[in-house]
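Chemist: Protein chains in written order, with the working numbering: chain A, 1 to 303; chain B, 1001 to 1181; chain C, 2001 to 2598; chain D, 3001 to 3189; chain E, 4001 to 4381.
Incorrect hints may have been included.
Keeping only pairs whose Cα atoms sit at most 27 Å apart, straight-line, the calculated BS3-like set for lysine-lysine is [to be verified]: (1) C/Lys2021 - E/Lys4335; (2) C/Lys2021 - E/Lys4066; (3) A/Lys40 - E/Lys4196; (4) E/Lys4335 - D/Lys3186; (5) C/Lys2280 - C/Lys2329; (6) D/Lys3186 - E/Lys4290; (7) E/Lys4183 - E/Lys4048; (8) B/Lys1140 - C/Lys2136; (9) A/Lys31 - C/Lys2021; (10) E/Lys4290 - C/Lys2017; (11) C/Lys2030 - A/Lys31; (12) E/Lys4220 - E/Lys4048; (13) C/Lys2022 - E/Lys4183; (14) C/Lys2030 - B/Lys1149; (15) E/Lys4193 - C/Lys2007.
Derived list of chain B stretches under chain D, where covered just means 3 residues or more per stretch with a C-beta under 8 Å from a C-beta of chain D [claimed, not checked]: (16) 1023 to 1034; (17) 1080 to 1091; (18) 1107 to 1114.
Read the hints as simulated data drawn from the structure, not as lab findings.
Predicted model, so just to flag it, every value in this text is computed and none were measured.
Every residue, glycine too, gets a C-beta built ideally from N, C-alpha and C.
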Amino acid sequence: MDSIWFKLLGVVVSFIVAFTVGMTYMGLSRKITARVQNRKGPPFYQNFIDAMKLGSKTSAIHHGVMQHFGPAFLMVSSVMSLMIIPVLNNGMWFSNLNFHGDLIFLLYIMVFGPLGMALGAGQTGNPNSAIGVTRGLSQMVGFEIPWVMALVALMIQYHTTSIVDLMNIQVESGTWLIFSSPFAFIAAVLAMLGMFRYSPFDIVGAPTELASGPMSENGGKYLFTMMSSASVFAFAKLTLYVDLFLGGASNLIELLIKTFVIYMIPVLYGVVSPRYRTEQSIRYFWGWPTFFGLLAILYAVFF
Amino acid sequence: MINDKNSQKIVDFIQNWARKHSIWVLAYGTGCGAIEIPPTMTSRYDAERLGVRGAATPRQADVLLITGYLTTKTLKRVIRVYEQMQDPKYVIGFGSCTINGGMYYDSYNTIKVLDKYLPVDVYINGCMPRPEAVLSGFAKLQELIAQGKANGAQKYKDNLDWYRENQKKIIPNWVMPEYNW
Amino acid sequence: MSFFDLKGTVKPLTALKQFGKKPHTISYPKESKEAADRYRGFHYNDIEECIGCGNCSTICQNAAIDMIHIEGVEGKKGDSGLRPRIDHGRCCWCALCVEVCPTGSLSLTKDYLYVSDDPDSFLWTPGVDNPEGKDKISFYTTNEISLNDFKRIPMPELEGMERVKSFAEVVLGYNEEQARAEASRCISCGLCTEACPEHMHIPEYINAIATGNDADAVRIIYDNNPLPEMCGKVCTRRCEDVCAIAVRGEPIAIRWLKRYATETALTSEITREIVNPEIKEANGKSVGIIGAGPSGLTAGYYLALRGYDVTIYEANAKAGGATMYGIPKYRFPIDSLDKQIEYIQSIGVKIHFNTKVGKDISFKEIYDKFDVVFMGVGFPDAWSLGVDGEDAKGSMQAFRFLHMVNSGEKVDIGDKVVVVGGGNVAIDAARVSRRLGAEVTILYRRRVEDMPADWEEIEGAEDEGVHIVPQGIPIKVHKDEKGHVKSVEYLKAEMVPDERGGRPKPVAIEGSNTIIEATSVMAAIGQMGDYSFLGKEFEDKIKIERGRFVVNDKQQTTDPKVFAGGDAVNRTADAISAIADGFKACKAIDEMLSKDKN
Amino acid sequence: MDELKTKIIERIKANFQDATENNSFNYNRLDFNVNKTTVPSILFYLKDEMGFKHLSHITCVDWLEEGELELIFIVWSPVDKIKVFVRTRLDRENPVMDNIDMIWRQAHTYEREFREMFGIQFTGLEAPQDFLLEDWDGPPPMRRDFHTEEYASETFFERPGREDAGDVREEIIKRSGEEIPDFAKKYSR
Amino acid sequence: MKKYLILQKNIQDKMREKATTLYLGPQHPGITGNMMVRLKVEGDTIVKATTEVGYLHRAFEKLQEKRNWLQSFTLLCRFCVPEPDPVEESYARAVELLEGREVPERAKYIRVLMLELARLGSYMLWYGGQNGSLGLYTMGQWSVGDRNYILDLFEELTGGRIYHMYIWPGGVRRDFPEGFEDKVLRTMDYLEKRVKDYDDLMFDNAIFQKRTQGVGIIPKEKAVEWGVVGPVLRGCGIRSDIRIDDPYEVYDKLDFEVPTAEGGDIWARALVRRQEVRQSIKIIRQVIEKIPSGDYYNPIPNPQKWTLPKGDAYARTEAVRGEVGIFIASDGGTKPRRVHFRGAAYVHGITLLENLLVGENVADVSAIMNSLGTCPPEIER
C-alpha cells in the first residue's frame, strides 16, 4: 500500500475527483447565488459546458511565451497543493504524497500560482492585468498573515508540521480542531474568504474596474486551464480545511458534505457583499483575522 | 477504431453542443439596445438559464452583440474588438438599425448595413427588441450553432479583403487608437 | 478598522432569506408573458380597407414604408392600388403611421418576435405576409384619437329663414384663418385628382393655401381651370367623394378652399396679375367655338394662351351657359361669373353674344371660316313629365324657370309650387321658388338618400323650409277652370330591390293616390340637346347617338375638324366635366394644328 | 415677477449700454440681446453680481438665410427663480467668439461642441479638436448647408430590395394623365 | 523658493507623463455606456482623467431639422434610454410654450405619473448599476428584475417597454386602459416592500458604507457653479429641484418632499436617491387619487402641415440625472430650425467627472460615474 505507484494513482484519481467536485461546486454556487437573486440560474453542470466550450475554441491569441506560463503555473500550483493534501483520513486511500513539513511547503506552494499569474499577466501588456495582479499580490499579503498565524498556532499547539499528523490527532482524540483551537479556525476561515476571491475580496478581477484583471487577455484554452485549476485548487483548499479543522473525512460522502459546508461560507457571504478596495481588504485582514490569529498563537503557547 | 470521418462528426457534435449551451456575451453596449440587456440578464428573464452570461473582455467572449446603430467611431472599435475575439465567434445584430439603418438612416455618423462590415449570424427584429426577442435571438443562434451554420467568423476570414475595403471606406484613419496592446 | 460593525455585517445576510422564495424568472421560451393589450408590435394592414393613400409612408420619419403594387389589388378611383410595405430594418414602432392612417386600416399587433439570419427577409407587406395578425390587433386608432382631423371647419352660412328673403349668396366663404385650418387637414395624398374629371392639382393648391401662399394657389388652380371661382361655388366635387379623410370623416372642403383662393383675387385685373399667364405669340390659326359655356370658355381660354385666334358664338346675352342661366344666383352670383368672363376676354378670347348658330349665323359659315370648330352647345331643352294635364298654365320646366329668373324675367308661380325630381335642378328650382315667396314641395320617386342632388343642397333646402315628399310618383296635374294648375295627384311608391342588382326601383302602390295643391308644377327630370343648328349637311357627317355627339378620347367628333364637349357629349352633365372636355379638346386641337404647321 | 424683471432690466441696462431686452414672455424668462464682445462681461456680471450662478444651457442656432449664427446663453438664478437668455449673433462666415470657460467650466464642453458642429472659433479654448466626431473632414455638420441625407447615402451602403417602391401621387398622375406645372411641384408632398 | 517650486512642478509633470495610462472603455463593463475615460494612474491613484465621448453620436439634432415637429418627437426618447420620458416631456412643453397650446388637466396628471414611473424605473437601474460597480451583483439582479414590473406598466399604458413615445405636444397619446390604476397601486405596494429589502442589503451594509463614504466629494460651495444638478446637487445639501423651483405640470398641487443629504459623496447621493424612490411612490399614489376625468389630449393639427410660430422656447424637466432641457427654435415652418438638448450628463459626465476623478482610487471610477448618473447617449446625442 505504500508503493509510490499506488500513491501516484491516488493523486491522479484525486485530481479527477477534485476537478469534478470543484466544477460542480462552482456550478452549485452559481445556482445558489441565482436563487438568492430571485432567479432560476443555470443548471449545476453549466461549468462543465463552459469548460468544454473554452477547450473547443479554435484560436488562441497570445502575447508571448510568458503568457503560457500564467495558466500553467496556476495549474502546477493547484495540482501540487492537491498532491500533498491527504484527501481521506483512513490512511489508506488518497493520502497522497504527504510528508513531514508539508504544511510549510503548502504555505509556499499556494502562493506560487498567483506569482506565475503575475508573470503571465505582465507579458500581456494589458495594464488591467498588471494592476489586477498587483492588487492580487497585495491582497495576498493581507490574508496570508492571519492564515500563516492560524497554521503556526496549530503547529505550535500540536508540535507537528504534517497534515496527516494533525488528522490523526483529531481521529485519535475524537475532537475536531475546530473545538480544540477555535481561534485558529476563525482566523483561518476569515483568511479563507480572501483566498477564494469571492466578494468582498474579488477586487483582483473586478470586471467593473479592471475588466476581469489578470484574465483579461486570456481566452479559450488559457481560460480553460485557469478555470480547471481554480476548481482543483478550490477543492484542495476545502479539503485542507476539512483535514485541519473538521477531522478530515473517512469517505467521499463525508468529505463532500464537509467541504460543501465550508464552501458555502465564502459563497453566501459573497452574495451579499460589495467588494473591498485593496487597501480596505488588507486593513480588514490585518484587523480581526490577525487578532484571532494572535489569540490562536497565544492560546497555543499558553494552554 | 472508428474511422476519422465519424469521429470528427462526433467531436463536432459534442463541441457544437458545448458551444451552444455556453454563450458568453461581450459586455459592450454599442447602442441603445444595451438597455434591454440588463433585464435579459437579470432575475426576470435570467438568460443564464440558457448558458448566456456576460464576459468582460473580448478574449473571453463568444458573442458580440451589436445593440443597435453603430457610429463610425464605434465601428472602428467594434471591428477591433471583433478581431480580438477568439474563434468560433458570433455576431448578433439587434433591431432595425443593424439591418437597414433604422431611425438613423440619414445620419452622417451611423452606418446602415452592418453585414457589409462584419459578418452577422442572427438578426433580431425590434426597436428595441424586448428581452423575449433577445432570448429567442439567442435560441436561434443556438440552433444555428447546433447545425454548424453559424460560421460568420469563417466568412469573415475568407472575405477579409472585401470587408476591409468596406471598412476602410468609412474609416479614413485606419490607425487604431493608442490603446493598441 | 474601527469597532466591529455588527449591524452592517448581519443585516445584509437577511437577504439570504430570498433563497427559499420562488424565483421571479419567466422561463422563456417555455412560458411567456403575453404582450400588453396596447403593445406596439408588427403592423397589420387590412388590404381591403386600405385605399393606398400613402399617408403612412409620408409620416414615417424613417422612410421605412414603401408603397408597392401587390397582387390582387387594382387601382380605382379613390384607391391608388398601392399598399404599404414596411422595412423592419427601418421601423421604430412609433406607430405614427397608425395614428395618421385615414381609413384606420393600418394597426399594430401584439406579435413582435422575428429572428432571422437573413437580413433581406425583413421587408414585410402587412396584411399580406401576416394575415394571422388580424386577430392580434393591439394598437389602433378610433375616430377620436386619430391624428387626422375628421371634422370639417364649418362653412359660415346665412340662417335658413334669412336666406329666403333675398338672392344673397347663402355660403359666406371661409375667412383666412378658417381656410388655413381647413387646408391643413388635407393629407396631400392626391387621390382626389383622379376623381376630378379635369384632374386639377388639388393637393398642390391646398398645400399652397395651408402654407399661406394664396397667390400660388390661384396660379396652380388656373393652370387647368379657367373658371375656378364657378367651380369653387357650384362644382359637383367628385373629388370630395374619394377624399381619404372621407372614409372615416368629413372630406376636405376642396370646393370651398378653391373658392377661398379665387376670391382672394378680387377683380379680373388682379387675377391677371396673379396668374400672369404666358401667352404665346399668335400663330395665325383660328378656332371657332359654339357656346360660351364652361367647355367652350375653357377651350377658348387655353387655345388663346397657346396663340390661337379664338372666337366664341353665344346665343344668350351673357356667357357662362348653364352656369349662368341654370344656377341660381344665391349659389353663384353674377359678379363672380362676370369677373371670370372678363378675365378670359382679357386674354384675347372674342365672344359674340346674342348670336345663335343656325339662326344668326349658319354652322356652315363657321365651319368654313375657322381651322377647327369646337361645339360646347349644352342641353337647351328639357324632358317633360309625360302626365295628364301637363299643358296647364303654371306647369313649366324647372330649367326654363331658372333661366328666366336668372335673366331677370318675372315669373308668376303663385304661392304653392310642386317640383318634380330629385336632382340639383329640382332643388335649385325649389329654393328659388322659396325666395320668390312660394311654399314648395319636392316630389321624388325614390328615397331622400337616393336623390342625385348634393346632400348640402338638400339640407339647405330643408333648412329653408322646402318640403320633400319622397317616394311619390306624379300621375296627373289637375287644372282649374281657367286651365291653371290646381293640384298634383301622385301615387305613393315602395322600393323594390332590383333583381339584377341595380338600385332599388320605386313601384307605385295602387290606390294610394294623394293630391297636393299647387299653383305651379315644375318638372326637373332631365334635359336634352337640340342639334337642329347643324343643318342637313352636317347631321350626316357628325354622328349623334342617344342625344349626344359621338367623340373619341380626344373630343373629336366623326368630322375630324369638329370637336365637341360639355353636356352635349358626356353623361355626367356637370360643369367640371365640361371644363375637362374643353381642356382635352384644346390639347387635341393644339396637337392637331401644330402638326399641320410642320 | 414683473417687478423683479424690471429691476434686472434696469441693472443690466445701466451697466451694459448695448443690451436690448425682450420682456414679452409671461414665463419666468427674460431675453437680452448684446454684442458678442459684451458677452463675457455680461455673463460675469450676471453670475457674480446678480446671483445667476447656474449655467443652464448654451445653444447655437444657424440662421443660414441671414448669414448669422446665434449664440444663446441661458442662465438661471436659484435664488430669484428666473432665467435670463443672453443672445448674440456672430457672422456666419467668420464666427469668432471669446472663450468663457473661466466663468463656468462646463462651458468648455459646449464650446468644444460648437467648434466642431458649427465651426465657431473660441479664442483661447484649449482642447483637442475632436469632440464627438473622429477624423471628420467635411464641413461642420450642424450647419444648415450640410445635408446629412445626401452625405449618408453617398457614404454608407443601403440594403437593396426597396427599389420597387412607388409614390402614390405619381401613380395617380400616371393613371390620370395629369400634368403638374413646375411651379406647383414644391407643394406636392 | 520659486525656483524650487518650478523644479518640483517639473518633476511632477515628468512623473505624470510616465504614469500608467488606463483606458476605461469604450468596451468596458465598468463604464456606464459607450464612452471612454482615459486615466493617468500613479499606483492606484488617479492623477488625470480625460473623457472621450462621441461613440454614440447619432446627430439627433441634425436629423430633427429634417423631420417635422411631430416626427421629431419619436427621436426624443432615444436621447437617454434609461429614462426617456423627461426628454419627451421637455420637448412637448417647449412646443406647447411656443405655440401657446393648452394641455388638459388629466393629461398633466398622466404626464406626472409617467415621469415618476420613469424616475422609479431609472432608480431601479441605478440601484443595479451603483451596486454592480461595487461588486454587489445581487442588488442589480433584484432591482433590475423588479424594474420589469414598472416596464410592464409602461407597456400597458403606452404600448412600449422602453421607448414609450407617449408624452407628445398637446397631451398624451392614449388614456389609461381599464383597471390601470389598480395595477399601478399594486405595483407600488410591491415596490414599497422591496425597497426595504434593498435597504437591508445595501444601505445597512457596512462594506457599502465603507466604499461610498468620503468618495467622490463635491464641495458644497462650488456645486452650483460647477453645473451640478439634480440628486447630485441635493447630495451636497442644497435643496434644488426643478419640480419646485420652476414648477411644471401639476407638481405644485402635489405634496412631496425634496430630500437632501450632507456630504457630497457617493453615500450622500445614494441617500438622496433612496429617499426619492419613496417620494416618487408617494407622488404616484397621489396622482392616482387626484387624477381628474376629462380629455387627455388637445389634438394637434395635421402633422404634415403643422407649423409653429417663429421664436424659441426652452423647457426643463427634473430627471433622475438632474436638469433635462430642450431648446427649440422655430422659423415658422413645419420643421424645427433647431432642437437642442441639454442633459445633466453633458456637464456631469465630462467636466465634473474629470474634476472629481483626480485623486480618487481607480477602483472607485465606476462607482463615481454611476453616482453621477453619467449617461453617454445624453452627452453625445
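Chemist: Taking the earlier hints as the rules, which of them does this structure contradict?
Modeler: 1, 2, 5, 6, 7, 10, 16, 17
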